[in-house]
Structure formats: structure tokens, C-alpha cells
Amino acid sequence: MGNKGQVVLSIGISLIIMTAISYFMVPYLVPKPADSEEIPSGLILQSTTLENSTYIEKSDSDLNETIIPSMETIITTNGNSSLEVTFSASMFLYIHPDLMHGNAFSFNITLEIEGVVNQTIVIFHQRGIDNSSFIFAEFYPYSVYLEAKTSTLEAGSYSINVWWNSNGNANGLNKLTNGYFLASNPYFLNVKEISA
1 MGNKGQVVLS
11 IGISLIIMTA
21 ISYFMVPYLV
31 PKPADSEEIP
41 SGLILQSTTL
51 ENSTYIEKSD
61 SDLNETIIPS
71 METIITTNGN
81 SSLEVTFSAS
91 MFLYIHPDLM
101 HGNAFSFNIT
111 LEIEGVVNQT
121 IVIFHQRGID
131 NSSFIFAEFY
141 PYSVYLEAKT
151 STLEAGSYSI
161 NVWWNSNGNA
171 NGLNKLTNGY
181 FLASNPYFLN
191 VKEISA
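So in the numbering used here, spot 186 of the sequence shown is number 186, and the numbers just go up one at a time.
In short, the hints are calculated from the structure, not lab data.
Built from N, CA and C at the ideal position, the CB exists for glycine as well.
Just so you know, nobody snuck in bad clues.
Pair ranges (Cβ atoms, derived): (1) His-96 <-> Gln-46: 40 to 48 Å; (2) Pro-186 <-> Ser-157: 21 to 29 Å; (3) Leu-182 <-> Gln-46: 35 to 43 Å; (4) Val-122 <-> Asn-78: 32 to 40 Å; (5) Asn-185 <-> Phe-124: 14 to 22 Å; (6) Glu-57 <-> Ala-155: 36 to 44 Å; (7) Leu-182 <-> Pro-97: 17 to 25 Å.
Construct the entire structure; sequences and hints are all you get.
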């Protein structure tokens, strides 16, 4: 074998040795990708906020439980997470002058994660018992804040709604509203999926 043959043989043996070294050593030098990335606890996986500033009102004569306009959504989760949901609004209780002394009425506002949890606030008013006569309507402001948190949930779709209803019909046209005269206040539904 001549010099050319020895050079070719040397190159061939070198390639075989380098291939073997690469095959066995590279896995130790380059880290393997993780099979499944662990998501840290408390991480916000998804979030949505619904906002509406359209004027809304619920009369005390309307005893039907209805969804507050635009305050409904569906969230789909991948599991091993929880939901944190809030509803906030600046509301006004409008009291008609015909409401008799000592009469009372109330409204419920309920934040619901369907089939999981719900939270309710009651807005109540009773006209005082005195001899004065009322000739003008009255407005009372109410800050509404509801919060619902779940435990760890399975993967699936969850319906979230904010309901309201009157608990009884008193004298006069009394109502719960998000504004008066020409102004209306926005109201918000905030939904977060949090890793467990």
C-alpha cells in the first residue's frame, strides 16, 4: 500500500472513531429537552375582561332573574388550574316618591361559575318611618364587588354569568341602575385562569 492508501485508510479510521465518539459523547454534553415543562403555580394562564357602559336598569316589579347585559362568557381550561372571577360596578338605587314609609325592597346580584360556585350580594333599602313627605325621587349609590374563586378544576368549558333580580315589588317605580340622568357607569367582569 502506498502513501495514498495509508492516507485514505487514516482518514477512514479517523472518521469511524469521531463518529463513535460523537454518538456516545454528544448526549452527555448537550442537555435533553424536558419531556413536559412544569408550569409554576400561581401563573395566569389566560385572562379576559368584559366591559359595558350601556345604561341598564332593573325594576323592582321585575322578579325574573336575568343576566346583566354583556356579563356572560365561557372559558375553556386545560385542567390543573383554578378560576378567579370578579364583577364590579357602581350602581344606583332609584327610589320613587310613592314608596311608603317603612316599606322596603331589595335586589340580588349573583356572580356564578355554573355548576361550581356562586356569590350573591343583596342591595336593600327601607324607607324610614317618619312624618316627612317625599316629593322627589332619591338616588343612593352602591359599589358592587363580587369575587368567586374555585378550587383546582378539571379540563373543560365553564360558563360564567352575572345575574340580577328583584326580591319584591314595592310602591312606585323603584329600580337598580348603573346611572342616572345622562350618565351611566361602566361595569366589568374579569376572568382569570390560574395554574394550580
